[in-house]
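> So you can see what is in the structure, the chains are spelled out below.
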Amino acid sequence: MALQTQHPAPGASPAASTVPRPKANKVSALLHRSPRLRLAGLITAPAGWLVLVYIAALAALLITAFWTVDTFTGKVSTVWTTDNLVTVLTDPVYQRITLRTLWIAIAVTVIDLVLALPMAFFIAKVASVRWQKLLVVAVLMPLWASYLVKAYAWRNVLADGGLLEWLGAPIGLESPGYGETAVILTLSYIWLPFMILPIYAGFDRVPDSLLEASSDLGAKPLTTVRLVVFPLLVPSIIAGTIFTFSLSLGDYITAQIVGGTTQMLGTVVYANVGAANNLPFAAAVSLVPIAIITLYLFIVRRTGALNSL
Amino acid sequence: MRLSRSAKAILGVVTALVFLFIYTPLLLVVVNSFNADRTFGWPPRGLTLEWWGRALDSTGVREALVSSLWVAAVSTIISLVLGTLLALALLRYQFFGRDVISLLVILPIALPGIVTGIALNNMFTTILGVSLSLWTVVIAHATFCMVTVFNNVIARLRRMQGGLEEASADLGAGVFTTFRLVTFPQLRSALLAGGLLAFALSFDEIIVTTFTIGAGDTTLPIWILQNLFRPNQAPVVNVVAVVLIVVSIVPIWLAQRLSEDSVGIGAARVKAKEG
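Those protein sequences? They're chains A and B, same order as listed. Each residue of the first sequence is one higher than the one before, starting from 105 at the first, in the numbering used here. Each residue of the second sequence is one higher than the one before, starting from 50 at the first, in the numbering used here.
In short, the hints are calculated from the structure, not lab data. Just so you know, these numbers come straight off a predicted model, no measurement behind them. One should not assume that every hint holds.
Dumping the calculated SDA-like pairs for lysine to any residue here, alpha-carbon to alpha-carbon at most 20 angstroms [claimed, not checked]: (1) A:K179 / B:I176; (2) A:K229 / A:V333; (3) B:K57 / A:L315.
Starting from the given sequences, assemble the full structure and let the hints guide the process.
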């Protein structure tokens with residue numbers, strides 16, 4: 105670091121012709137001498153962007169929740185009030201929507217957990233190494249297909265005379281149609297890979313020798329799962345539930361596409377930004393999922409799950 | 050733990066069924082884009098290319114495609130620059146507030162998309178009084194795409210040795226020359242992978258986009274949402290959906306070939322912010 109930028113004498117070494125000689129660049133020399141300036145040059149743009157665009161926006165959201173809308177002009181007016189929050193928390197309509205959203209998020213999480221556990225176990229512990237790689241990629245690929253397209257795909261599946269009805273007809277099952285059940289099914293479908301991956305990683309970290317030791321000591325497979333595998337897996341399971349739970353909590357597109365008249369918290373937020381044009385109220389509603397997720401993260405923090413995210 | 054043969058078989062069957070559950074709806078969209086029946090009755094009574102033709106002819110679809118490509122390209126370029134600068138700063142220097150900033154960069158993907166969406170909408174319309182347009186979409190997308198580039202570049206920088214850069218400086222190369230001839234070539238594939246991920250992420254993003262796009266503008270996902278409930282457009286929506294699947298999966302597949310650490314569980318977290 106003590107070295108100054110020096111121009112090599114022309115032709116001083118054979119390599120000089122291939123390495124371009126730095127021009128007499130004052131900026132470059134200055135930067136070379138001062139690490140602090142180099143750091144400032146690197147950090148200013150990205151940190152400035154994050155703070156000015158994102159942090160400022162979040163802070164503004166929090167403040168806007170305490171403002172009102174002028175009923176005549178339809179513009180946000182900076183009159184302070186807690187009415188928005190009080191309405192969200194005490195009005196039975198919004199209480200019901202909050203509870204329904206919570207119920208949907210919990211149902212989705214449980215369904216995904218039930219589907220992901222045996223599958224992740226099979227991929228991590230039963231499948232051969234070659235299959236294992238292939239199956240992981242097979243889980244990853246649909247994860248990258250558009251979220252919108254996946255919800256739309258379920259609109260196709262659930263449609264009148266669609267695939268599900270055709271499949272269900274021989275056994276007397278009907279398509280649930282568009283509604284709350286459809287929302288739960290579709291959200292479980294969309295977020296399933298986010299549950300499989302952390303649980304798979306969790307199983308993969310449990311050494312085979314541990315399972316063998318348990319079996320050598322006389323434990324049946326189910327006992328091994330209960331006493332050895334499960335305790336080691338808890339952080340991974342919680343990591344998976346964070347995804348499925350919080351992603352479902354903020355959803356509104358799926359509710360719009362397959363939900364029929366089902367309203368979730370996201371639906372209310374969206375309606376108030378658009379048609380109803382009441383941004384302060386939308387901001388107040390959006391604080392509910394933020395609060396629930398923060399609370400959930402706070403509860404699970406002690407399990408160490410946040411490190412396996 | 051020794052599993053009996055039948056236990057293994059049961060687990061295998063369950064896994065196969067879940068995979069069937071994962072892939073069937075996506076395949077159904079692909080098949081339905083050729084389904085002659087307007088209401089997608091199953092099984093299809095006939096196959097047709099009519100909807101693909103109509104999608105190609107539709108000016109609405111073409112304009113939406115151009116907007117989507119433009120938004121994705123510009124946000125990718127911005128996130129490439131910002132993500133690289135940030136990764137270099139965080140890995141090479143110790144400074145006050147370093148931990149806060151490394152948390153900050155993940156925040157746009159840690160919070161639900163609807164929060165990011167409404168926060169930016171509120172910022173643009175209420176606080177700044179800017180009218181929404183494709184540019185506001187670009188600003189929103191770049192904010193969460195930055196992290197894909199950041200993740201890829203920082204993973205690569207960790208594996209790189211600083212010695213080469215010092216040697217370059219010792220041999221008289223200036224700061225910029227060293228970056229151009231020594232650092233950048235080593236980062237190239239990580240940048241390509243991160244850039245492809247950012248592009249795919251932006252191209253099919255819907256939630257943040259609905260909150261930040263101007264009234265007269267459409268991207269492909271917005272076009273789908275607007276035409277979803279119009280019965281006579283439904284077949285064309287299927288075609289556009291297939292295009293979205295292909296255009297988002299191909300870059301991911303390429304990115305995975307380029308960089309082993311780009312499409313793993315860490316990257317899934319990035320994708321998670323879509324919700």
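> All hints, please: hold or fail.
These are the hints, each one checked on the structure:
no., hint, in the structure
1, A:K179 / B:I176, "holds, 11 angstroms"
2, A:K229 / A:V333, "holds, 11 angstroms"
3, B:K57 / A:L315, "holds, 15 angstroms"
In summary, the structure agrees with every hint in the numbered list given earlier.
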